[in-house]
Amino acid sequence: MKYCERNSGLSTVPVQIELDDSTVGALQNQILSEIQSESIDGIIIDVSMVDVIDSYISYVLSETARMARLMGCHTVMCGIKPSVALTMAQMGLRLTGIHYAQDLDHAIKILERIVGVGKQGA
Amino acid sequence: MKYCERNSGLSTVPVQIELDDSTVGALQNQILSEIQSESIDGIIIDVSMVDVIDSYISYVLSETARMARLMGCHTVMCGIKPSVALTMAQMGLRLTGIHYAQDLDHAIKILERIVGVGKQGA
Amino acid sequence: MRDINIENYDLSVKIKEENDIVIARQMVKNMVRKMGFTLSDVTKISTAVSELARNIYRYAGEGYILLRGKQEKDGKNVGVEIVAYDRGPGIEDLDSALRDGYTTTRNSFGLGLPGVRRLMDSFSIESERGSGTIVIVSKKRRAF
Amino acid sequence: MRDINIENYDLSVKIKEENDIVIARQMVKNMVRKMGFTLSDVTKISTAVSELARNIYRYAGEGYILLRGKQEKDGKNVGVEIVAYDRGPGIEDLDSALRDGYTTTRNSFGLGLPGVRRLMDSFSIESERGSGTIVIVSKKRRAF
Ligand SMILES: Nc1ncnc2c1ncn2[C@@H]1O[C@H](COP(=O)(O)OP(=O)(O)O)[C@@H](O)[C@H]1O
Ligand SMILES: Nc1ncnc2c1ncn2[C@@H]1O[C@H](COP(=O)(O)OP(=O)(O)O)[C@@H](O)[C@H]1O
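Chains as they are written, first to last, in the working numbering: chain W, 1 to 122; chain F, 1 to 122; chain C, 1 to 144; chain V, 1 to 144.
Note that these hints are calculated values from the structure, not bench results.
Chain C side only, calculated, beta carbon under 7 Å to chain V, not exhaustive:
#1 Asp10
#2 Ser12
#3 Met27
Where a beta carbon is used, it is the ideal one built from N, C-alpha and C, also for glycine.
Let the sequences and hints guide you as you build the complete structure.
Shown next as structure tokens:
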């Protein structure tokens with residue numbers, strides 16, 4: 001995972017295709033330390049490549065969003081595949097504290113609305 | 001597998017990534033019936049996507065070339081991956097009666113030299 | 001507990017380290033894709049396997065994910081049967097384990113087993129203190 | 001013949017129809033790629049598995065391709081061990097079967113077993129009339 005885009009207090013995290021348990025832990029650490037060291041008010045987690053989101057991955061993403069919120073940062077998840085969303089819904093998994101967006105543009109719009117970040121750059 | 005290029009007595013056969021036993025049999029039938037029904041003097045088998053060529057696949061390709069030759073057609077195999085070539089060499093597999101080419105251009109040049117096909121189009 | 005003979009399955013993946021969770025779900029994903037399951041059923045089955053393999057790794061340390069094709073009762077439709085099998089400590093309180101939100105670990109929604117049950121067409125679980133746990137699930141192949 | 005216990009292997013793929021030859025080589029390819037084998041060793045191992053799986057399908061009808069990671073004697077380097085195991089008719093004439101060009105079938109170069117032997121680092125075969133055939137091969141992981 002690497003950060004591909006960064007502008008005006010907003011960071012995008014594209015997630016690799018196969019999320020194993022230690023990768024998702026590393027992802028959390030990286031996101032939280034980035035929020036701390038840079039001044040970021042909005043994180044976009046791009047899961048458009050991810051094939052499976054199970055209960056543990058959901059838990060960690062949810063927890064990350066919760067901790068990010070405590071640090072003053074909003075989290076948007078974008079690009080979730082329909083089959084993944086369907087599976088999560090059927091399992092009863094809800095990612096609390098995370099906003100959903102269809103794609104990156106939509107995610108940026110949501111963040112702009114919530115906290116006004118990204119506006120300067122737009 | 002589908003034939004993507006055809007001009008002046010020359011036919012190119014791109015081979016799909018995973019060759020199972022019945023697919024390689026179907027490939028042989030298709031090549032031979034094409035030689036029979038159209039007037040083809042040169043067949044290019046493009047294996048640039050193929051990850052594994054084992055002894056059975058080698059046998060069928062070799063046999064195809066032998067039968068094609070009896071029908072007046074020359075066979076060139078192009079784009080073989082170095083790791084596949086290495087493996088075949090180590091196993092002791094030699095595809096008799098088949099010419100080798102690095103890529104499609106090279107394959108066409110070889111066929112032009114051998115039988116003069118394709119020249120009209122070039 | 002019933003006897004599981006690995007030889008009766010088309011595929012067996014041993015779970016013994018964390019990375020095997022990903023390996024198991026990838027292998028199963030490949031198999032059910034080839035069997036012609038729809039994309040959304042492939043995702044459901046892979047997700048279920050991910051949960052079951054993680055439970056083996058977390059609570060039993062070692063075990064197996066097994067898969068085999070299955071003729072449905074109507075004789076023509078096929079499905080898949082998946083077994084998660086370990087000889088770990090077993091589940092203390094099976095009724096609770098199947099309830100939403102129950103977990104004996106931190107960092108968990110406790111939605112693993114109940115989630116798997118909802119994702120699959122059939123679900124059965126057998127567990128014996130000190131002997132291990134067997135979860136057997138299956139899913140029919142649907143056209144859409 | 002020696003006893004093979006499938007439970008001791010990280011991966012088991014049952015061979016029972018032609019299509020399983022491709023499945024076995026894909027599964028093994030995935031595993032050894034993840035284990036860090038070089039591309040050319042991945043190709044050699046996959047090709048060897050293709051030969052062994054086809055022999056099971058052709059001559060025994062049914063059997064297993066098994067794989068496990070293997071600690072090398074030096075203690076730090078790892079390798080892979082692959083077993084092709086069937087309870088078919090066995091090989092009539094083992095010495096001949098290992099010779100280049102020997103085959104009991106049409107449409108074959110008879111380079112399967114001798115080819116596998118050359119592709120791998122170690123090769124052992126055991127076969128008993130009426131009991132079946134076990135081929136055990138291994139390959140060390142090399143840095144280049
Ligand atoms: N294979 C197993 N062996 C022993 N205990 C298990 C096993 N699988 C599940 N459990 C127990 O059942 C509980 C509920 O499991 P589950 O619903 O998957 O949620 P989670 O694993 O997230 O806690 C676990 O917390 C654990 O105590
Ligand atoms: N698993 C097996 N069971 C029984 N016979 C076998 C088996 N594997 C190989 N053989 C015998 O050994 C011969 C040589 O095998 P091989 O070198 O792989 O060449 P090929 O399979 O192309 O004939 C085969 O023709 C067959 O008679």
